[in-house]
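Participant: Chains as they are written, first to last, in the working numbering: chain A, 1179 to 1850; chain B, 8 to 83.
If you're looking for bench data, these hints aren't it; they were derived computationally from the structure.
Wrong hints could be hidden among the right ones.
A short list of chain A residues far from chain B (calculated; beta carbon distances all over 12 angstroms) [stated by the list, open to error]:
1) 1368
2) 1416
3) 1438
4) 1449
5) 1467
6) 1496
7) 1528
8) 1670
9) 1680
10) 1701
11) 1823
Here's a subset of chain B near chain A, in silico, CB distances under 7 angstroms, partners left out [to be verified]:
12) 33
13) 39
14) 41
15) 53
16) 54
17) 57
18) 61
19) 63
20) 65
21) 66
22) 70
23) 73
All C-beta atoms, glycine included, are put in the ideal place defined by N, C-alpha and C.
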Amino acid sequence: MKEMTKVALAGNPNVGKTVIFNELTGSKQHVGNWPGVTVEKKVGKFSHKDEEIEVLDLPGTYSLSPYSIDERIARDYIIEEKPDAVVNIVDASNIERNLYLTLQLLEAGANVVVALNMMDEAQKKGMKIDVKKLSELLKTPVIPMVGIKGEGVKELKDAVYEEVKHHREHRHMSMGYGKELERGIISLEEKMEHCPALKKYRHRWLAIKILEGNAEAIEKVSEAGCDNLIKEGEKLRKQFGRKLHEDLESYFADKRYEFVDDILGVVLIKGKKLWSFSDMLDKVLTHKVFGIPIFLAMMWATFQFTFSVAVPFMDAIDLFFGWLGGAASAGITDPAIQSLVADGIIGGLGSVLIFLPNIFLLFFVLSLMEDSGYLSRAAFVMDKAMYRIGLQGKSFVPMLLGFGCNVPAIMSTRTIEDRKDRLITILVNPLMSCSARLPVYILFAGAFFLGAEGSVIFSMYLMGILLAVLMALLLRKLFFKGKPSPLIMEMPPYRIPTLKSSAIHMWEKGSMFLKKAGTTIFLGVIIIWFLSTYPGGPGSDIETSYVAAIGRWVQPIFAPLGWDWKAAIALLFGFVAKEIVVGAYGTFYGISDADEGSATLRSELHGAFTPVSAYAYMAFVLIYVPCLATIGVIKSETGSWKWTLFAVGYMMGLAYLVAFVITTVGHLLGFA
Amino acid sequence: MTRLTELKSGQKARIVHMGVKGPAGQRYREMGMIRGETVEIVRIAPLGDPIEIEVKGYNLSLRKEEAELIIVEVMK
Chain A
1179 MKEMTKVALA
1189 GNPNVGKTVI
1199 FNELTGSKQH
1209 VGNWPGVTVE
1219 KKVGKFSHKD
1229 EEIEVLDLPG
1239 TYSLSPYSID
1249 ERIARDYIIE
1259 EKPDAVVNIV
1269 DASNIERNLY
1279 LTLQLLEAGA
1289 NVVVALNMMD
1299 EAQKKGMKID
1309 VKKLSELLKT
1319 PVIPMVGIKG
1329 EGVKELKDAV
1339 YEEVKHHREH
1349 RHMSMGYGKE
1359 LERGIISLEE
1369 KMEHCPALKK
1379 YRHRWLAIKI
1389 LEGNAEAIEK
1399 VSEAGCDNLI
1409 KEGEKLRKQF
1419 GRKLHEDLES
1429 YFADKRYEFV
1439 DDILGVVLIK
1449 GKKLWSFSDM
1459 LDKVLTHKVF
1469 GIPIFLAMMW
1479 ATFQFTFSVA
1489 VPFMDAIDLF
1499 FGWLGGAASA
1509 GITDPAIQSL
1519 VADGIIGGLG
1529 SVLIFLPNIF
1539 LLFFVLSLME
1549 DSGYLSRAAF
1559 VMDKAMYRIG
1569 LQGKSFVPML
1579 LGFGCNVPAI
1589 MSTRTIEDRK
1599 DRLITILVNP
1609 LMSCSARLPV
1619 YILFAGAFFL
1629 GAEGSVIFSM
1639 YLMGILLAVL
1649 MALLLRKLFF
1659 KGKPSPLIME
1669 MPPYRIPTLK
1679 SSAIHMWEKG
1689 SMFLKKAGTT
1699 IFLGVIIIWF
1709 LSTYPGGPGS
1719 DIETSYVAAI
1729 GRWVQPIFAP
1739 LGWDWKAAIA
1749 LLFGFVAKEI
1759 VVGAYGTFYG
1769 ISDADEGSAT
1779 LRSELHGAFT
1789 PVSAYAYMAF
1799 VLIYVPCLAT
1809 IGVIKSETGS
1819 WKWTLFAVGY
1829 MMGLAYLVAF
1839 VITTVGHLLG
1849 FA
Chain B
8 MTRLTELKSG
18 QKARIVHMGV
28 KGPAGQRYRE
38 MGMIRGETVE
48 IVRIAPLGDP
58 IEIEVKGYNL
68 SLRKEEAELI
78 IVEVMK
């Protein structure tokens, strides 16, 4: 069977790549991950004439010398997998910088079709581009488009069809790098002939990469066992470096831009710089005085939208699964199966699906912010403050969202390109006190700190923030040495986001959560159900369960903090979700319908805690693992069990430490 | 010798020396920050850092830490 024709979409970030991908493939697309990393892999299909074509949406990239994991994936796919054609999406209104990548793609020997997108914006800027001439100079088809209006989509399909049907091998455009360097390139190319393992790469491209001193290219050559090439390259680099009085890598970049200038000199009539709506918006949104208040107001609105609008949906899901559980119980007579289905499976599904409203809404808003261009402004405004604590501007939004729910908050760290910065943001995120921890605070503050509940609860939030800052600094010192990555952030013009793109984005995130994190959470819930139901079986006293046994077993660890075994068990249940801690106490004291406001529950607690041990308990609840779902997304977002276990481990350790300090200091100060 | 950080918003300058080294330096160049290129300071963030500049017809933001290493010549 013939392998399916493969086409990759490549281009800079913010060029409307996703929109064109959606236009090309319609609903025939699915999202997965690239093997081994947590970068999204979007694949779709379309048929044109007699050809069925698979389209791959590569991560946005500025250059084929990768600077992030996303860019490495894009580069590797183009170089190693050699798709039948590469559709290079170019933002016509920003053509100068965009063509840099185009030149590199051509240099690498890809079968490029240029989709010259956002022609309308270029026109508004007064730019005139001679498309035909551009196509001639690049020796490659160039299709003018307005992606969001669907203009040019058919023509692009035609061009892609032509390209994959009749590969025109002859038309590899080559740009010259000057006589002397060309000699060096040719000498390397000749040496490559004796190295069959390098046959799959375009020799000219590889020769240039060697001269640029690109570490990965050199590694490839070394793997192929052609060390003489590396030596020769090194010799030439030194030789040219002396002659040119500059690094070869900057020389190549200079030359490529010179070439872009030459091309644009022929095909482009530059417009006058116009005072655009985008500039006007920026005057306000990044204003010296108003910038930060506006940003905070935007965040507040996002927060409200995500977490308030979600409430009725979450209640509905809760109610539905409650009803389903009840119905299942009524329908099944065998008590073991009844409990497995009603409490285990249905309860487990419920605890996964309950997060969907939050995730849907949050990613809808985030996508609006990202597509409109505001997210870069938010990072711009907050960067300095976050940089102080070893993070960067883009870390702020996930941290703030953590106050609502850590699950979508951790998922939203995908906007951070740098892996180290992203990992730290993920690892400290659970310290932001999510809304599910509030009932526990209310119960204990109400029972032990009557009259000062507000301040006590506020102190919990503050403690979380402080610990997050400390941990971020500490993690940077210990595991992620160095500074946050240098900021090299494009500020795209503001654009009106499309509802379709945002809706698709929201849907993808939701299904990704179900597929990836959902399984971990579901499994966890089933395990907890089993441990709390057996060995006594369904209906038995919870105090006879495995959980209770574990609770009694670990209780000595908590004895120095003054907590009894009930406290230990409640913490174990809190693993599933924090609000269950309150419910667990209700069960212990035989209070049906116990909630955080229950007076009987509060008075019962007085027997088990002192104000000091209660405060320490609250702090412990704040710090130790938020919930199974959070562990699930940490796993799916870091792609590593090592970091997931590290997160769980450090939070438990820190929780114990803080609780211990509170207890000790409390006693020293003479509090009971 | 003027550093990029010494400019006020609205000022234009030509890059004389691109002093950022390593992969980040390579990336700045690929983003168009090459010798001879004209840049304009668009604005400085409310907290005083980072700065936003216009280069190659688009806007780019970078921290003062890196901008300090970029030597420019102010244009009238």
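Participant: Next step is simple, just say for each hint if it's right about the structure.
Facilitator: For each hint, the structure was consulted:
The Cβ of residue 1368 (chain A) lies farther than 12 angstroms from every Cβ of chain B, with a closest approach of about 27 angstroms, so its non-interface assignment holds. Every CB of chain B is more than 12 angstroms from the CB of residue 1416 (chain A) (nearest about 17 angstroms), matching its label as outside the interface. Distance check for residue 1438 (chain A) against chain B: the nearest CB is about 9 angstroms away, which does not clear 12 angstroms, and the non-interface claim fails. At roughly 10 angstroms, the least C-beta separation between residue 1449 (chain A) and chain B is not larger than 12 angstroms, which violates its mark as non-interface.
Against the 12 angstroms criterion, residue 1467 (chain A) falls within the reach of chain B, whose nearest CB is about 7 angstroms from its own CB. In this structure residue 1496 (chain A) is separated from chain B by more than 12 angstroms, as the shortest Cβ-Cβ distance comes to about 42 angstroms. For residue 1528 (chain A), the shortest C-beta to C-beta distance to chain B comes to about 44 angstroms, beyond the 12 angstroms cut-off, and the non-interface label holds. With a closest Cβ-Cβ approach of about 8 angstroms to chain B, residue 1670 (chain A) is found to fall inside the 12 angstroms limit, against its non-interface label.
With a least beta-carbon separation of about 24 angstroms from chain B, residue 1680 (chain A) lies farther than 12 angstroms from that chain, consistent with its non-interface assignment. At roughly 40 angstroms, the least C-beta separation between residue 1701 (chain A) and chain B is larger than 12 angstroms, which holds for a residue marked as non-interface. Its beta-carbon lying about 31 angstroms from the closest one in chain B, residue 1823 (chain A) satisfies the requirement of being farther than 12 angstroms from that chain. With a cut of 7 angstroms, the hint placing residue 33 (chain B) at the interface with chain A holds, because the nearest CB-to-CB distance is about 5 angstroms.
A least Cβ separation of about 5 angstroms between residue 39 (chain B) and chain A falls short of the 7 angstroms threshold, and the interface hint therefore holds. The beta carbon of residue 41 (chain B) is positioned within 7 angstroms of a beta carbon in chain A (closest approach about 5 angstroms), and the interface hint is therefore held. Given the 7 angstroms rule on beta carbons, the hint for residue 53 (chain B) holds: about 4 angstroms separates it from the nearest Cβ of chain A. Of the supplied interface hints, the one on residue 54 (chain B) holds, with its beta-carbon coming within about 4 angstroms of a beta-carbon of chain A, less than 7 angstroms.
Taking 7 angstroms as the C-beta cut-off, the interface hint given for residue 57 (chain B) holds, the closest approach to chain A being about 5 angstroms. Look at residue 61 (chain B): its Cβ only gets to about 9 angstroms from chain A, farther than 7 angstroms, so that hint breaks. A least Cβ separation of about 5 angstroms between residue 63 (chain B) and chain A falls short of the 7 angstroms threshold, and the interface hint therefore holds. Taken as an interface hint, residue 65 (chain B) checks out: its beta carbon lies about 5 angstroms from the nearest beta carbon of chain A, inside 7 angstroms.
Interface hint status for residue 66 (chain B): upheld, as the beta-carbon distance to the closest one in chain A is roughly 4 angstroms, under 7 angstroms. Because the beta carbon of residue 70 (chain B) sits about 5 angstroms from the nearest beta carbon in chain A, less than 7 angstroms, this interface hint is met. Look at residue 73 (chain B): its Cβ gets to within about 5 angstroms of chain A, closer than 7 angstroms, so that hint holds up.
Checked against the numbered hints listed earlier, the structure breaks hints 3, 4, 5, 8, 18; every other hint is satisfied.
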